[in-house]
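Heads up: the protein sequence lines correspond to chains A and B, in order.
The working numbering applies: residue 39 is where the first sequence begins, and numbers increase by one.
The working numbering applies: residue 934 is where the second sequence begins, and numbers increase by one.
One or more hints might be untrue.
Okay, the calculated bits of chain B under chain A, using three or more residues with CB under 8 Å as the criterion [as the list claims (entries may be wrong)]:
1) 955-963
2) 986-994
3) 1057-1065
4) 1101-1110
Below, a list of computed lysine to any residue pairs in the SDA-like style, where the Cα atoms sit at most 25 Å apart [as the list claims (entries may be wrong)]:
5) Lys-784/A - Gln-1089/B
6) Lys-1096/B - Thr-792/A
7) Lys-1096/B - His-1014/B
8) Lys-408/A - Thr-375/A
9) Lys-1109/B - Gly-50/A
10) Lys-1096/B - Asn-477/A
11) Lys-1109/B - Arg-1057/B
12) Lys-995/B - Leu-73/A
What the hints contain is simulated information worked out from the structure, not anything from laboratory work.
Cβ coordinates follow ideal geometry from the N, Cα and C atoms, glycine included.
Here are the chains, one letter per residue:
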Amino acid sequence: MNENHAFEPVEGLMAQLNAAVPEPQREAEHRATFLANVPSVRVTHTRKARPFGLLTAAAAGCALILFGLLTITRYVPSSSLPSAQEATHPLAGIVPITVENAAQIELLTTLGRGAVRAAEYSPDGLTLTVATTTGIYLHNVANLSAEPELLQGSASTVSTIAYSADGELLAGAYSNVIRLWDAQTYESSGQIETDAFEISKLSFSADGQRLIGVGCAEKQGSSLALPCDQLQARVWDTNTENEIRVISLGEGYQSTAISPDGSLLATTDRANFTIALYSLETGEIVKQFTDRDDIYGMNFSPNGDQLAHTTFSQITVWDVDDLLNTNAQELDNVPPTLQRSNFLSGATHGVVISRDGGRLAAANYSGKVKVWGVAADDPLLSIDIGVSQVAVMDFTPDESGLLTITYRGLIQQWDTATGAEISRSEAYGQPANLVQIANNRSFLTEYGLYDGALHLWDLNAEPISRQILDNAKIDLDLRAVRTVGITPDNAHLIYITEFKVGDNRRLPDIWVHYLETGEDRTMGQWRSGSRHLDPRQIFEPENVLMLLDMTWSEGAFVVRKPLLDRQIRTKLVFGKPNSQYISSIAYAFSPDAHLLAGNVCTKEDNSIYANCPDGEVRVWNTQTGRLLTILDLETAEDALDLNTELAFNPDSDILVVNTCTEGNRANALAIASYIPCPKGKVQFYDLSTLETQSNQASGPLVLQPLPTKLEFTDYRINLAISPLSTPDNLLIALAQTRENTTQLWKVDLQAGTTDLMNTIADTGENVTFSPDGTLLATSGEGTIKLWGIR
Amino acid sequence: MTLDDESSLLRRAHQFDPAALATIFDTFYGPLYRYAYHHVGHVETAEDLTAQVFQRFLTALKSGSAPTRYLKAWLFRVAYHLIVDDSRRFALRNHQPLDIQPLTDTALSLDETVQNALLIERARHLLHSLAPQQREVIILRFLSDMSLEETADVLQMTVGAVKAMQHRALTNLRRKLLPEFETTEDI
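Next up, chain A with everything else stripped away, as it sits in the complex (with noise of 0.2 Å):
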């Protein structure tokens, strides 16, 4: 990498740009212009005074009134945009990030608003509150599009929020503390705190005199998908706002719901098909039935008198007395006041019942929704949400309406008689899977998994703001967003959807959006043998479009150029070790687009999901398929060489090779799902005598590590080399998912060194630098960071 080239051919084509340059036409103009606004008398610098005086003191005295009166008035919020206020760009000023200055770097702007955990009406209807990954927001219900308001001493994670009844408290869950606010003027009105306990389900008891969480005191790992290996439920004083029970209710997935008045609460166990009601006041279970199938989603009724449950294929809706007072010891022997089979297509998650308990709406996984009245045989109402799956749903306060919220983020509020739409809100995001930012440093792209959206970031804007990329062509049941690209000349974003038609079978499709129009072209379906599509795609200098696939059936990565007129140009089938089964967690394109790493694995495994019993990593040059060298990778014998994270140096004579060195094989599945490894390192491999070496070899190269080395306790899910990074010194960001950090590392390949620089606290799913190196971007939890040095 420290080869010495001969530049001829440069300076020839130095010469061909220089001459290039036409003569100006304007010179002599601007010269006079110039010349003609020169001062002729000397301008003396001063500085403006501050106005101070009569009129500062007036606006103190106002805003003292103001205050007076809002701490008085009930709390409404605002139903337009805040003032305008002049405000400095959060990107201006803002210099390279180096090796010499990364310790200096700061938080610049915060994109999003979060992923929305929860949502509740105000009891007097008139606020709609949503907790989300950055805090709790407050909008006023009767102009739903108005920016929402955040709540003040709310800005974290939020898992959950319960209003009391008599609407003299909120309460909202994080992770060590329950927090709560006067729910009339919205002021801190104290807290509970609660250890490490994951809340997901929060309410009051009638009175307002109790508190209930449930949730997972013990798990391994930060994922929401994993199971909890202790779910309890603990009731605090909300006056004392000591603990007074808790409940263990077992370990597993479970679906939990508390009455309203807080006296009950159904707990349903997915192993093994019960469910129980338990009574909060003692603690013990007061009823326990079997079910035959895995349970959903639950609810009561907000009058509390009827429980409703979904499984795969039926909803049912039970009166709770009529629980409580049977001797059966089967859900099959309590009749019901409604059961529907075939309610929804596929699994309905999420079920409520209005407030007057007529009328009953359940969500399933596909964004539809019915609406159904609970003695009635038809359903009154369908609605197709269609971007994305519905996180929560509720009936409006004045039961004209329904609340739905999707994972995405959109909020609407629908007539329950028309199904007309009456109100929407695009006020959040869903976690980011993928963030890049153009060459210009002009926009930035991230899209998330499940909603078939690209979410586009004007980063030149003031302040910072988004556009949707929804497309409305694609009508079908699950759709996803599974790699986007932006063209070298920041003209185009090429991004691939996968989709599933039938029961089975996802085709993706591959689209082409225009920046200058807005407009989406479909490139046509890529009909690749895979099922399970993980693309990723990489531009040529020349805006050629280069995507990888990896096809099962074939065994192999396959490089494609597809152009915009259909045609795929090029296809270059690599390695095939067994025709059975390659990796499909790491491989990169060098960003010269000449070498493409990828993780394969070498030994027959029955199960995608089991593991990889002999892995290795291999580099072959994309122009011609030719495998050139095979990786080294020093990992213990029981290593998962499955999970291995692949980078490229911005010269692409550097690849950066991050594996799990210990771990336990059962595990592979959960250490995908993001449970961290024991130990980890990150390896660096000279790659710039490669294709030399290469050609004088007679079979690929078996390519030993550099003696520099990051070794880690724990796993770095997520890994971004700095463009700016010279041959020798690298600036490396290392997110981890499990401490929720990135750190900066400085990697000197010739001292053998590593430093590391900083790190920063609360972001770490998604990583990456801009193209111009003065932006790092972390992403997670719906929101997007951006830092970087002023």
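Chain A is fixed; fit chain B onto it per the hints.
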């Protein structure tokens, strides 16, 4: 222009000496115009950007924030920021077409003229295929005759980073200029 000349001119410019300001304009208009043209590829835009640099300079002199030394680096840094701002404004549109030079060289045959035009187009294409920072270093170092230190000052990078960027840019250009890698049998 030596640094001493530059410092002397700047002192006089701070006193709004018309002769000094005219010298500064005459000295730097051409290089700044060429620098802008290499970025935007459009005569009028390049000239407008160059005029704006001098307007900024005048404004800075009036407000007392103009430099007292390293005038050349200061002017190019302003130009760089104006070009970046300009490219951002046009980011969501397609690039403007490059100016097509009229085929006026009568000493050349039509074939030679076309061949020259193609060579120039290819050269521009290669330059613009570089990453933005690499392209910037190449334009400043080899098309605007800036020293490593001046380039570092314009881009607000260290000299080491400029060297590394230059190395990377030249390697990339060389790679693009040389024939493709040899093809051998697949494995």
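Return the numbers of the hints above that this structure violates; sort them in rising order. none
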